[in-house]
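Each chain, letter by letter, is given below.
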Amino acid sequence: MAFLHLCKTDEIEPGSSLRVEPDKLPPLAVFNVDGEFFVINDTCSHGDASLCDGEIENGEVECPWHNAKFCIKSGKALTFPAVEAQKTYLTRVVDGCVGIEV
Amino acid sequence: MTSQFQISLSGSDASYACDDGDTLLRAGLRHGLGLAYECNVGACGSCKFDLIEGEVDDLFPAAPGLRPKERERGKRLACQCVPRSDCTIKIRSGAEYASAVRPGRATARCTGRVAVTPDMSIFTFSTGRPAAFLAGQYAMLTVPGVGQNRAYSMSNLANPNGDWEFIIRRVPGGQVSSHLFDTLKPGDSIEIDGPYGVAYLRRDIPRRIVGIAGGSGLAPVMSIMKDSASLPTAGSTPVMLFGGRTPKDIPDVPKLLEGSAAAIEFYPVISAPEPDGSADWSGDTGFVHEFIEHRLSTPLAECEYYLAGPPPMIESVVRLLVAEHKVPASQIHFDRFF
Ligand SMILES: Cc1cc2nc3c(=O)[nH]c(=O)nc-3n(C[C@H](O)[C@H](O)[C@H](O)COP(=O)(O)OP(=O)(O)OC[C@H]3O[C@@H](n4cnc5c(N)ncnc54)[C@H](O)[C@@H]3O)c2cc1C
Ligand code: FES
Ligand code: FES
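Protein sequences, first through last, are from chains A and B.
Just so it is clear: in the first sequence, position 41 is 41 by the numbering used here, and no numbers are missing.
Just so it is clear: in the second sequence, position 22 is 22 by the numbering used here, and no numbers are missing.
Keep in mind the hints are simulated off the structure, nothing from the lab.
Among these hints, one or two may not hold up.
[Said to hold, decoys possible] Taking lysine to aspartate or glutamate pairs in the EDC-like style, the calculated list, with each CA pair at most 20 Å apart, reads:
no.	chain 1	residue 1	chain 2	residue 2
1	B	K69	A	D53
2	B	K75	A	E55
3	B	K75	A	E62
4	A	K69	B	E72
5	A	K69	B	E53
6	B	K90	A	E57
7	B	K90	A	D53
8	B	K69	A	E55
9	B	K69	A	E62
10	B	K75	A	D53
11	B	K75	A	E57
12	B	K90	A	E55
13	A	K73	A	E55
14	B	K69	A	E57
Please model the complete structure; the sequences and the hints are all you need to start from.
Here it is, written out as structure tokens:
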């Protein structure tokens, strides 16, 4: 496992997200939920929408295309038409930087 | 005099003319553009767009396809917006949405009606132009005196005679279905606008065809089953599952297929066995998704699925196929009957 740096904590306001495109990984969505950071795949498991364009509420993100909701923490698909979870990543904050273990 | 407005798509060179009174979505599809959509009735949210410039009227401001938050941010539904000026819109598009048959309007004369269950009947209509559509598609029907239209799927096949056949369920208190059942007589005229819909039979895919219908979802699956007879089969018989409430709600599918060359396996499922008549029920009892695995001799991931019916049925079937059996979502085509 290695720590992959994605962004600075102060680049993402609480209640918002940032899309990052690291090498050799699918596009990722980094969320700041009340000061806690979570990383999941950005491309919706249902279609090609970017979850970073979605509405965030109560720890859930709503896909901008067909309004499926996902739990940001677990990646779980909560409402149709999505039925498959978003992949989640072990996320850590080190020295003001958000990163994942890969 | 009918006027036209020019609609430009932001981020592309495409533009199209929208006739007075036509929706942004239908006009774009008539022009051959692949604007994203599914239901055409304001329920699925697939056709949402941003109005960059111009003015529109919203036919259905309470449409469930948009969350209040999205409306606040200016999102609108292309299937419910009629332009009042030239417009520039930002909307999602994809080749898969472009209609193989350009949708058009026609006056249709009712030629008959035959009951298939206590609350579902086949309605037949005739138009002056050929009935052109793909198996599984639907049309928007407007009946005189009711200021709204509804989606109904064709249950027959395209034909040069202009014959259109629908299987319609009476919805208690429903504005359009009540009119069709209670007021419309043979010889009366309605307007048919179509075809629409992306859950049509994929003729170039050699996988086994599985049709799953619930209640009023019968029509498009019947059409697909009929059309399967025209495909070079790879030795796999199409399978159809149909879910109804009681034995009375199960149509005589083999009889409905008479006159078609289709040979299929048919499995009816009832959800509410009645103590009286159920003794001679030989089909399955439960919800239709519970019997898919049991009734298919083929591995589930090797089939192509066509679903139609109430949204909860569609959701249960898709969940089962994709989440549990790892069927690629691209092999599942559905219409949710909102
Ligand atoms: C793609 C598709 C295919 C369908 N195919 C079939 C079929 O083959 N057979 C069949 O029996 N049924 C079919 N349906 C259902 C059908 O379109 C009608 O919803 C049903 O007949 C009930 O209509 P109603 O007017 O009788 O009932 P109502 O209760 O009067 O209307 C119900 C529907 O109208 C919508 N609605 C309500 N107010 C408005 C408004 N102001 N503007 C626009 N829409 C409004 C509602 O959202 C709801 O969807 C299909 C639906 C869809 C989306
Ligand atoms: S693309 Fe996300 S719900 Fe359809
Ligand atoms: S196509 Fe417009 S909401 Fe479904």
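Problem - Hints the structure fails to honour - result: Structure breaks hints 5, 6.
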